[in-house]
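Q: Read off the chains here:
Number of protein chains: 4
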Amino acid sequence: MPDPPAALFVHRRKIIWADSDPARIAYTGRFPNFALEAIEAWCADRLGLDWFRMHQTLGGGTPFVHMSMDFRASLRPGDELLTSVALRRAGRSSLEFSVIGRLADGTLSFEGKFVCAFVDDATHRSAPIPEQFRAAVMHELALAKEKEGWGSAPNPAGASGPGPP
Amino acid sequence: MPDPPAALFVHRRKIIWADSDPARIAYTGRFPNFALEAIEAWCADRLGLDWFRMHQTLGGGTPFVHMSMDFRASLRPGDELLTSVALRRAGRSSLEFSVIGRLADGTLSFEGKFVCAFVDDATHRSAPIPEQFRAAVMHELALAKEKEGWGSAPNPAGASGPGPP
Amino acid sequence: MPDPPAALFVHRRKIIWADSDPARIAYTGRFPNFALEAIEAWCADRLGLDWFRMHQTLGGGTPFVHMSMDFRASLRPGDELLTSVALRRAGRSSLEFSVIGRLADGTLSFEGKFVCAFVDDATHRSAPIPEQFRAAVMHELALAKEKEGWGSAPNPAGASGPGPP
Amino acid sequence: MPDPPAALFVHRRKIIWADSDPARIAYTGRFPNFALEAIEAWCADRLGLDWFRMHQTLGGGTPFVHMSMDFRASLRPGDELLTSVALRRAGRSSLEFSVIGRLADGTLSFEGKFVCAFVDDATHRSAPIPEQFRAAVMHELALAKEKEGWGSAPNPAGASGPGPP
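Chains as they are written, first to last, in the numbering used here: chain B, 1 to 165; chain S, 166 to 330; chain H, 331 to 495; chain V, 496 to 660.
Any given hint might turn out to be false.
[Said to hold, decoys possible] Straight-line alpha carbon distances no greater than 20 Å define the calculated EDC-like cross-link-like pairs of lysine to aspartate or glutamate that follow:
1) Lys14(B) - Asp498(V)
2) Lys113(B) - Asp498(V)
3) Lys640(V) - Asp498(V)
4) Lys475(H) - Glu426(H)
5) Lys344(H) - Glu276(S)
6) Lys179(S) - Asp285(S)
7) Lys179(S) - Glu461(H)
8) Lys278(S) - Asp70(B)
Hints are computed from structural coordinates only; laboratory data are not their basis.
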């Protein structure tokens with residue numbers, strides 16, 4: 001079994017022409033998608049199942065019940081966006097994520113909070129967080145706490161570095 | 166000059182296959198787009214200029230600085246979505262909207278808050294709300310106040326009806 | 331039972347900010363979506379089932395095997411796009427559509443050919459066109475033949491008018 | 496100056512939840528976007544300027560005049576898509592691309608032809624291929640010719656290998 005990750009998950013994507021609008025910046029409506037992509041990739045990396053495989057394997061998914069975003073700096077085609085995902089809270093069935101998007105030079109582009117809840121496909125009712133995710137969830141909560149304040153740090157390089165001693 | 170509108174603006178759109186995901190409901194990342202479409206249509210209808218014409222005519226736009234959404238009920242292909250747009254606050258350069266999405270039968274699908282700010286294209290700095298929008302902005306603020314609580318009313322029909330006596 | 335339609339199906343949609351790119355025109359990648367939306371609406375209107383209901387009711391769908399498009403004039407936010415859908419050919423399991431997009435003033439924006447085939451959800455194999463669609467398919471083929479050349483006519487108004495004597 | 500590339504350009508992307516529809520496969524309307532993304536990345540890699548920088552630097556762009564696609568195998572969330580881009584023809588102002596999408600195991604997903612033309616932003620008229628792209632265009636045409644038939648080869652690994660002796 002591999003060691004649990006020592007750094008927050010960071011998702012990379014390039015901003016492209018198709019993301020951008022006539023004001024020559026990434027369209028507002030694309031930003032929630034950037035954040036959701038990062039959270040989906042977090043699920044694959046940290047829980048071991050992407051959303052598609054969760055439905056196939058566990059017969060359930062994680063619909064979102066809340067999102068909020070603050071936009072700090074616009075993005076342009078060609079920009080490399082790094083989105084960090086930190087698991088802030090876990091309830092009986094819910095997960096609350098903090099997502100922070102930055103340019104490669106550390107410029108803050110957006111901060112967001114996203115909350116989802118496990119739901120059973122058959123009953124359409126909320127379900128407890130699957131047992132197989134429990135250890136990873138506890139680890140990610142601890143990691144997010146340890147890295148707290150990362151969001152306001154000037155340099156995303158810190159996201160991949162070891163925690164404080 | 167036409168009478169100012171007596172009801173909140175309501176934007177209609179059909180949920181289609183392309184909006185929907187493997188869980189057979191509209192994808193979370195589409196909802197902010199539904200809200201933004203409704204706000205853009207509000208601008209065209211209530212301010213007289215859509216975002217494209219604002220840039221062409223006024224040399225500026227209204228980038229968003231904040232969005233938040235709570236998801237109450239999922240949407241499926243074929244659903245008719247009615248999104249009401251209420252102008253809750255206006256600052257020197259900012260507008261705060263309350264958007265509420267409902268099915269034709271009144272079922273609440275989502276509630277959101279979106280905040281944008283007028284920005285000059287040349288200077289990239291915030292600019293006061295254009296003078297030509299002032300009367301409409303005051304009217305819409307009054308209308309939103311009068312209709313307050315509409316969001317929690319069981320029937321969207323009220324959105325187009327007259328205000329309380 | 332209502333009379334069968336006397337005119338080709340025409341789908342309307344407004345081009346919005348979100349459809350548009352930094353060249354200030356609708357993005358190329360949006361055009362196939364405009365055509366597909368029109369074909370999905372054709373299915374709902376002319377066959378009586380949209381794609382979602384086809385899967386639910388018939389246990390199958392109509393994946394596309396081919397698309398081709400020629401782009402004649404760009405589209406801008408605020409443009410009203412009218413897309414006509416003509417059923418050109420029907421095989422054992424396939425349907426070939428001609429789609430033509432025009433502005434309200436008749437300007438040709440795009441012409442396309444789209445081919446889909448009925449596929450059974452359980453077996454993932456092609457299936458004959460469902461019996462319940464046969465009469466409508468025959469009618470639409472005849473209508474498309476009768477209206478042939480409409481694509482090159484200067485005015486989309488003809489799309490809704492009666493056929494030639 | 497670096498050596499010119501010895502292999503066709505291949506663009507990689509992961510198919511995600513947001514690309515996928517209620518039939519649990521990537522939505523037809525996403526495929527042209529996969530191809531366009533690959534062509535945009537080709538421009539950045541092989542011509543040295545992405546579409547955004549072309550407009551900024553050269554005052555022009557490359558709107559598309561034609562696209563056609565044949566769909567061979569569906570894609571699912573989690574699939575790794577490799578799209579090769581070959582420049583088949585160059586006219587005075589036009590470029591014709593052959594794009595081929597494959598899974599990592601070599602399975603053919605789609606084949607397409609995309610044609611664009613250089614257009615001057617100021618005059619909205621077609622313009623000759625910029626002089627600075629000429630050498631790269633000639634090289635890519637030769638590379639595409641040399642690799643002809645790659646599209647039907649069983650293994651995409653060949654895309655990055657050296658040409659035949």
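Q: I'd like to know which numbered hints this structure contradicts. Please list them from smallest to largest.
A: 1, 2, 5, 6 and 7
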